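Make the full structure from the sequences, and use the hints.
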Amino acid sequence: MSRITAWDRVTLARELDRPKALDYINSLFEDFIELHGDRNFGDDKSIIGGIATLEGKPVTVIGEQKGKNVRENMERNFGMPEPEGYRKALRLMKQAEKFKRPIITFIDTPGAYPGMGAEERGQGEAIAKNLMEMSRIKVPIICVVIGEGSSGGALAIGVGDKVVMLENAVYSILSPEGFASILYKDSSKAKEAAENMKMTANDLKKLGIIDKIIKEPENGAQNDFETVVKDIKKYLVQDIKKLEKLTEKELIEQRYEKFRNM
Amino acid sequence: MIIDKVKKLNGEEKVKTKNEQASDRMIGKWVKCDNCKEILYKEDLHKNLSVCPNCGKHFRLSARRRIKQIADEGTFKEIGGDILTKDPLNFEGYLKKVDSLKEKTKIDEAVKCGTCEIEGQKAVLGVMDGNFLMGSMGSAVGERITLAIETAIKKKLPLVMFCVSGGARMQEGIVSLMQMAKTSAAIAKLNENGLLYISVFTDPTTGGVTASFASLGDIILAEPKALIGFAGPRVIEQTIKQKLPEGFQRSEFLLEHGFIDKIVERKDMKETLAKLIRLHTKGGK
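Chains as they are written, first to last, in the numbering used here: chain A, 5 to 266; chain B, 9 to 293.
Possibly wrong hints are sitting among the right ones.
[To be verified] Once the Cα atoms are required to be at most 35 angstroms apart in a straight line, the calculated DSBU-like pairs of lysine-lysine come out as:
1) B/K197 x A/K61
2) A/K49 x B/K249
3) A/K98 x B/K290
4) B/K37 x A/K189
5) A/K216 x B/K197
6) B/K270 x A/K249
7) A/K189 x B/K164
8) B/K270 x A/K142
9) B/K164 x A/K98
10) A/K72 x B/K249
11) A/K210 x B/K197
12) B/K162 x A/K189
13) A/K142 x B/K130
14) B/K197 x A/K104
15) A/K189 x B/K197
16) B/K164 x B/K197
17) B/K162 x A/K142
[Said to hold, decoys possible] Derived CB-CB ranges, DEER-like:
18) B/C44 x A/L250: 46 to 54 angstroms
19) B/K233 x A/K237: 32 to 40 angstroms
20) B/D276 x A/E248: 48 to 56 angstroms
21) B/K130 x A/Q99: 36 to 44 angstroms
22) A/K219 x B/D276: 56 to 64 angstroms
23) A/K246 x B/K233: 47 to 55 angstroms
24) B/H265 x A/K104: 34 to 42 angstroms
25) A/K249 x B/K290: 36 to 44 angstroms
Please keep in mind that the hints were generated in silico from the structure rather than gathered at the bench.
Computed from a predicted structure; not experimentally measured.
Glycine included, each C-beta is placed from N, C-alpha and C at the ideal position.
Okay, structure coming up:
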């Protein structure tokens, strides 16, 4: 695994059979009840959310959901949320705050959907509002980047007390293809871009952007899903416990400082 | 008519035609309005707040000119001017490009923030500058804006932000993305302190700036016909494989869709800001 390049990881992070948000939700938690809709316009299927229990304790879970085949991806819009997805996520986070449940988010998106409807209904405003509101939510938030974390579309559910990444997940300002087309004027230089973007878990840990890397088996999480789930679960249980020891004021102040220093 | 006033002011009867003035344009005294194609004398344009006297097109403004238009004379005191560009990705050629831009534009980053007075009322003013890497937000821009917001909190002052930006700055990668979270979190804190934040969209504001502090004003204003969006029009066209309708993502479109409070012409901007600030001080006077 030591010779693996950033581009290799981009490829692994995007694999169709890589576990998706729902796989983690169904394996990490019990009693998952999915809740739908943003109470404004619609229900965005590229973001799922609801209530579940983590070792018996109620939590709110939210995840960007990609498909594992064409049909699923059509249904999930390839994991590219529209404003309704982000507004649903925020609604569920506010609900979690009301009922004092910790929040766990799973990030896996090529980015917020750049369509006409998304713009008409305020994609920018929806993301901005999530960033602002998440920074002040009075319950612990842990964000797990499980696949592709791309752009503001990823960050919109990524303002947490802890941000952790799977070893082969990537997290960046935009896709390496987009980066290459803007900065090298050549989208075929995506591999080169990936190396320079510092988008791997190792790079981001060094930069202080993420808090922890969760190991994966060779060739990706799907090859020993049980172990990956066990490791994530251990981490979640342990860190939620730690975060719950803080007062609301300390929790929010610490979250503010975390992003303040970036 | 403004145009008549401007012409009178300059002792000119008529703005000369394109052909007549080709040679003058070469030496940089003239500029062509890309909306109505009228050739304008630069000095006239600047005297008219950089708004085309012929068709009303609002030209893009440097931070320096914007501050001059909004802050009472001699009141602007910069905040965070010592915060300079960082290169977290060690991105080849980036700092060199920044240095040459500094030389060319005589500004040192894509935003200038400070305390000032607007019609005698103290405020914190932040002004982005599209001449510097498209007004993109990297660590220095995010830090300067956050410092400005924190200054407003500390001094209990209203905050006014003029936005113009291509979005997060690519050359600083993920660190630029995090500036969206940082600035938005600072706005959340400002809100908890009960302070007024007026955001002004100017042409063009897109990407990570639209998706963070720019969209979070208590009151959101926009200059006429400014391009405002999250995804840029080209990206949308490539995605949906069709041309966007005329006026899509312009200020008037956003007003129609409920995302801004008011479109304000440049000549009325200072007065409008002053009025809004006044309405948020005790007694509203």
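Check: Does A/K61 lie within 35 angstroms of B/K197 when you go C-alpha to C-alpha?
Finding: 31 angstroms, holds
Notebook entry, point to check: So the hint says 36 to 44 angstroms: do the beta-carbon atoms of A/K249 and B/K290 match that?
Noted result: 41 angstroms, holds
Check: Between B/K164 and A/K98, is the straight-line Cα distance small enough, at 35 angstroms or below?
Finding: Measuring from Cα to Cα gives roughly 28 angstroms; hence the hint holds.
Notebook entry, point to check: Is 46 to 54 angstroms a correct range for the gap between the Cβ atoms of B/C44 and A/L250?
Noted result: 60 angstroms, violated
Check: Are the Cα positions of A/K210 and B/K197 separated by 35 angstroms at most?
Finding: 28 angstroms, holds
Check: Holds or violated: are the alpha carbons of B/K162 and A/K142 at most 35 angstroms from each other?
Finding: 23 angstroms, holds
Checklist line | Pairwise hint evaluation, A/K189 against B/K37, where the allowed Cα distance is 35 angstroms at most | finding: Satisfied, since the Cα-Cα distance of roughly 33 angstroms is no more than 35 angstroms.
Checklist line | Pairwise hint evaluation, B/K197 against A/K189, where the allowed Cα distance is 35 angstroms at most | finding: 39 angstroms, violated
Notebook entry, point to check: Are the Cα atoms of A/K72 and B/K249 separated by 35 angstroms or less?
Noted result: 25 angstroms, holds
Notebook entry, point to check: Straight-line Cα separation of A/K216 and B/K197 no greater than 35 angstroms?
Noted result: It holds: about 27 angstroms lies between the C-alpha atoms, which stays within 35 angstroms.
Check: Is the hinted pair B/K270 and A/K249 satisfied, with a Cα-Cα distance of at most 35 angstroms?
Finding: 45 angstroms, violated
Note to self: Please verify whether A/K98 and B/K290 have alpha carbons no more than 35 angstroms apart.
What the structure shows: Holds - the C-alpha atoms of B/K290 and A/K98 are around 32 angstroms apart, at most 35 angstroms.
In terms of the numbered hints stated before, the structure departs from hints 6, 7, 12, 15, 18 and 19, listed from lowest to highest.
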